[in-house]
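Asker: Each chain, written out:
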Amino acid sequence: MGLSTRTQKLIIPYLFLLPALGLFLIFLVYPLLKGLQISFYHWSIMPTKPSTFVGLENYLHAFQDPIVGVAFRNTLVYTLVTVPGQMILAMLAALLIHNITRGKVFFRTLYYIPVITSWVIVSLLFRYLFQSPEGLINYFLVNVFHVVAEPVAWLQQASTAMIPIIGLGIWKGVGWSMIIYLAALTTIPKELGEAASIDGAGAWQRFWRITLPLIGPTVVFTLVMLLIGGFNVFISVYLITNGGPMQQTEVMLSYMYHQAFDFIDFGYGAALSFLMAIFIVTASVLQMKYLRRPEEIY
Amino acid sequence: MHTARSILRQIPIYAVLILGAVVMVFPFLWMVSSAFKPHLYVIQYPPQLIPSDPSLENFIQAWGANNFQLYFRNSAFVAVTSTLFSVLFSSMAAYAFARFKFPGKEVIFYTLLLVLMVPNMVAIIPQFFLMKFLGLRNSLIGLILIYTATGLSLSIFLLRGFFEQLPHELEEAVLIDGGGYFTIFSRIILPLSTPALATVSIFSFMGFWDEFVMALTFIDDPAKRTLPIAIALFQGQHGTQWGLVFAASLIALVPVFVFFLSLQRYFVGGLTTGAFKG
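Line by line, the protein sequences are chains A and B.
Here my numbering runs 1145 ahead of the position in the first sequence, where the first position is 1.
Here my numbering runs 13 ahead of the position in the second sequence, where the first position is 1.
It should be emphasised that the hints constitute simulated quantities derived from the structure, not laboratory data.
Positions of the beta carbon are idealized from the N, C-alpha and C atoms, including for glycine.
Certain hints may be false.
To be verified - As a list, the in silico DSS-like pairs of lysine-lysine whose alpha-carbon atoms are at most 25 Å apart: (1) Lys1179(A) with Lys1194(A); (2) Lys1154(A) with Lys114(B); (3) Lys145(B) with Lys237(B); (4) Lys118(B) with Lys1434(A); (5) Lys1179(A) with Lys145(B); (6) Lys1154(A) with Lys118(B); (7) Lys1194(A) with Lys118(B); (8) Lys1335(A) with Lys1249(A).
Stated by the list, open to error - Partner residues aside, some chain B positions facing chain A, computed with beta carbon under 7 Å: (9) Leu30; (10) Pro40; (11) Ala106; (12) Leu165; (13) Tyr194; (14) Trp255.
Start from the sequences, fold in the hints, and give me the full structure.
Answerer: Below, the structure written as C-alpha cells:
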C-alpha cells in the first residue's frame, strides 16, 4: 500500500463508520427532517392533488384538539405512575435478592421473564386477564377476595381502562431496572455497609446514606430511560383498548397513529409526532443536565 | 459463614420474594394453562389452573393454521439477519469512535445519542413514504434495513464504552508486525469483546423478533407478515379462541427464551463491565 500511516489513520475511521452512518442517515435522519417538513403541510398522498403549505396550522390545531388534551394527560399519568412504580419495586427486589444467600439466579430469572416477553403477547394476555365478566382478575376480586360484588367492566369504561395498561407497564418493566440495580449493587464494597452497621446505622439509614448515593448514577440512568419509555407507550394501548372507549384512553402515539393511518391526516400526525419528540428530548436533556452530568451517568 | 440464625433472619425476605415471584409468573402460568385447554370459548367457573383434560390441540391447530410456519420463518429471517448486520455495523462504528480521532467525531456521536432519545415512532410517517418510494413496502429486505438502522445507536453507545476499556498494547503489537486496522478489529477487538457483543446481540435480537409497529405499518402482503403481526391478527380472526392465541404466542416465545438463556451468562457481566460503570 502506498498510503502513509497518517493518511490511513485519517481515512480508516470513516470506512468503519460508513455502513452504520449510511443506514442511519437514510432511514432515521432523513425521515426525521422530512417529517418536520410534512408537519407544515396539508399533506396529500394523491399524485393529482398537490400538498399545501399551511405553516403552523397543524400545531395550532393540536393545542385546540380536546383529544390531544386527553392523550397528553393519559401519557403523563401513565409515565408518572409506571416510572416510580417500576423503580421502587425494582429497587426493593434488587436489595432483597442481593441480600439472600441462596436462589439469587432463580429469583433474578423469574423477575426478568416479563422483560423478555414481547409487548404484543403480554398485551393480549392482560386483555384476557382483565376481560369482563369472565376474566381471571374479576374472578379473584369477586369470588376469592370478595373485594367487589359485581365484575368490573375494566376495558369498557374510561375510568378503569387505563388500569390494566398501567399495571402491565409496571409488571413488565420491574425486571429490567432490577437487573441493572443488581449489577450496580455488586460494585459496592461490603465493608462500607458493615462499618456503618457497627457505628449503629439501621438498614434504612444505610440505604439512604451509603447505597443510594453510590449507585446514584445508575438510578438516574434508569430514570431517564424509563421516562423515555413511558412517553413512548403505544403497543399496549393499541392492543388492549385501541384508545377506546370513546378515545378516552388514547395516548400521544396512539392518537398520532390513528390520525395518520386511519384518518390519513399525515400533516397533523407529523405535527403530533414532533410535539411529542420536542417534549421528550427537552425532558431528557433537562434531567441529564440537572440531575447528574452525562459523563458521570455512563 | 452462614449461621442458622442468619438463614432464619432471611425467612421474611424469602417470603416477600416468593410473593413477588408469584405475581410475575402467575399470568404466564395462566397463559400456559389456557393454551392447553381445548374449547376455551366455553367459560369455566371456577377457573381451572390445571386443565382437567389437557390437550395439544391448540398447538397443533396454531402451527398448522393461517401460514403460521411462514410467519415464523419470516420473523426468524428478519430478526437473525438484522441482528448480524446491526452488531457488525455498530461494532465497526464503535471501534472508530473508541480508537480514532477524526473531524466530526463528536458531532456524529451526539447526533446518534440525540436520535436515541427521539421515540422511534416519531419518524413512522415519513419512513412509510420512504419505504414506498424505495419500493421496500411489503419487503422483508426493507424491514431488515430499517431494523438494522434503528438498532445502531444503542449498540454503538454500549460497545464504544466497552472497547475503550480494552488494553491498547496488543493493537500496537499488530501494527509493528505490519498488520492493519482491519486485522486489529477482527482479530483483537471482536474476540476480546464477546460479553459485550453477546449483550448487544440479545438486546438486538429480542427487539427485532418482537418489533410490531414498523411491521404493522410497512407490511400489507399477508405472505410477508412477521409473528407479532400474525399473533395480533390471530386474536382478531379467532375472536374468543384464546387457547389458540396463547398456543401461538408460546411457540413465538421459544426462540427468545432459547436465545436469552444460552447467552445470559454473558449478560450481567456485559452490563457491569461495559455500559454501567456505576
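Asker: Compare the structure with each hint and give your call.
Answerer: These are the hints, each one checked on the structure:
A threshold of 25 Å between alpha carbons decides the hint, and for Lys1179(A) with Lys1194(A) the separation of about 19 Å falls inside it, so the pair holds. A C-alpha spacing of about 9 Å is found between Lys1154(A) and Lys114(B), which places the hinted pair at or below 25 Å, so the restraint holds. A hinted pair counts as satisfied when its Cα atoms are at most 25 Å apart, and Lys145(B) with Lys237(B) qualifies at roughly 15 Å. A C-alpha spacing of about 22 Å is found between Lys118(B) and Lys1434(A), which places the hinted pair at or below 25 Å, so the restraint holds.
A C-alpha spacing of about 14 Å is found between Lys1179(A) and Lys145(B), which places the hinted pair at or below 25 Å, so the restraint holds. For the hint pairing Lys1154(A) with Lys118(B), the CA-to-CA distance comes to about 14 Å; that is within 25 Å, so the pair holds. Note on Lys1194(A) and Lys118(B): the hinted pairing is violated, with a Cα-Cα distance of about 43 Å set against a maximum of 25 Å. For a cut-off of 25 Å, the pair hint linking Lys1335(A) to Lys1249(A) stands: about 17 Å separates their Cα positions.
Satisfaction of the interface hint for Leu30(B) is found here, the shortest Cβ-Cβ separation to chain A being roughly 5 Å, below the 7 Å cut-off. A cut of 7 Å between beta carbons decides the hint on Pro40(B): the least distance to chain A is about 6 Å, and the hint holds. Annotation: Ala106(B) was flagged as interfacial toward chain A, and the flag holds, the nearest CB pair being 4 Å apart, inside 7 Å. Evaluation of the Leu165(B) hint against chain A yields a held restraint, the C-beta minimum of about 5 Å falling below 7 Å.
Because the closest C-beta pair between Tyr194(B) and chain A is about 5 Å apart, less than 7 Å, the hint holds. The restraint placing Trp255(B) at the interface with chain A holds, with a minimum CB-CB distance near 5 Å, inside the 7 Å limit.
The structure shown violates just one earlier hint, number 7.
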